[in-house]
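Keeping their order, the protein sequence lines are chains A and B.
Mapped onto the numbering used here, the consecutive letters of the first sequence carry residue numbers 1 to 112.
Mapped onto the numbering used here, the consecutive letters of the second sequence carry residue numbers 1 to 122.
It should be emphasised that the hints constitute simulated quantities derived from the structure, not laboratory data.
Errors might be hidden in some of the hints.
Stated by the list, open to error - Keeping only pairs whose Cα atoms sit at most 25 Å apart, straight-line, the calculated BS3-like set for lysine-lysine is:
| hint | chain 1 | residue 1 | chain 2 | residue 2 |
| --- | --- | --- | --- | --- |
| 1 | A | K24 | A | K36 |
| 2 | A | K51 | B | K12 |
| 3 | A | K45 | A | K35 |
| 4 | B | K119 | B | K12 |
| 5 | A | K24 | B | K119 |
| 6 | A | K24 | A | K51 |
Stated by the list, open to error - Pairwise CB distance ranges, derived in the manner of DEER restraints:
| hint | chain 1 | residue 1 | chain 2 | residue 2 | range |
| --- | --- | --- | --- | --- | --- |
| 7 | A | D9 | B | T71 | 18 to 26 Å |
| 8 | A | D1 | B | E82 | 22 to 30 Å |
| 9 | B | N59 | A | G47 | 37 to 45 Å |
Remember, predicted model here, so these are calculated numbers, not experimental data.
For each residue, glycine too, the CB sits at the ideal point set by N, CA and C.
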Amino acid sequence: DIVMTQSPDSLAVSLGERATISCKSSQRVFDNSNKKNFLAWYQQKPGQPPKLLFYWASTRESGVPDRFSGSGSGTDFTLTISSLQAEDVAVYYCQQYYNTPFTFGPGTRVDV
Amino acid sequence: QVQLVQSGADVKNPGASVKISCEAPGDTFITFYVHWVRQAPGQALEWLGVIDPSGATTNYAQMFQGRVTMTRETSTSTVYMELSSLRSDDTAVYYCATGGSSGSGFNAFEHWGQGTLVKVSS
């Protein structure tokens, strides 16, 4: 199984400041045939299902504010919130969908 | 926009089975792979498995092999997930989610159900 790790476990950022979350996979999730990283980012707020933010590591889902960005390739990925807003308080998960079982990271809690 | 509607919360005794439904009216749902993910209280997300658009093929996480069954009724655009031999550590919110289609293969999980709380307690 591909193991996903995230750091930090949690972080507190002032409003308007940058938040950066790291995600690492135990194996490469890059597919040479379609040149894509099978890596997604989700945001989950209390009592809600996860919401897809990025797929293919850096493709923003429709409706996601552009203060969010996804980057990285191979085994190392980053989610950045360039200017934290109050509504961004949530837990963020990375996930690989390269191989089953599709595994999630342990999550990173972002607070103000 | 695909809206997935799951069945309601349930309480089960240890050793029992639970069957959760996930419905999405409309023609497009039948083209999607449907995944099941669970989240124990305060814990991370855990993938249980996936059923293909035709309902003919499933892929289950090894830790649930033998206990989980996913089925699909295309006539009613409904997918079911049954988990048997329930234990207290199966207490969780269970989600269905679409992730990929018959045209594109697997993809990230774009649409999610609202979640179904299953509590296992004697």
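A quick look at each hint next to the structure:
1. This hinted pair checks out: A:K24 and A:K36 have alpha carbons roughly 16 Å apart, not beyond 25 Å.
2. A distance of roughly 29 Å separates the Cα atoms of A:K51 and B:K12; the hinted pair therefore is violated under the 25 Å criterion.
3. Simply put, A:K45 and A:K35 have alpha-carbon atoms about 32 Å apart, too far for the 25 Å limit, and the pair is violated.
4. Restraint check for B:K119 and B:K12: the C-alpha separation of about 6 Å stays at or below 25 Å, so the hint holds.
5. Straight-line distance between C-alpha atoms of A:K24 and B:K119 comes to about 33 Å, which puts the hinted pair past the 25 Å bound.
6. Between A:K24 and A:K51, the direct Cα distance comes to roughly 20 Å. Compliance with the 25 Å bound is thereby established for this hinted pair.
7. Taken as a hint, the range 18 to 26 Å is violated for the pair A:D9 and B:T71, whose Cβ atoms sit roughly 37 Å apart.
8. Here the CB-CB span from A:D1 to B:E82 is close to 23 Å, well matched to the stated 22 to 30 Å.
9. Look at B:N59 against A:G47: about 29 Å separates their beta carbons, and that is not inside 37 to 45 Å.
Hint compliance for this structure: hints 2, 3, 5, 7 and 9 are not met, and every other hint is.
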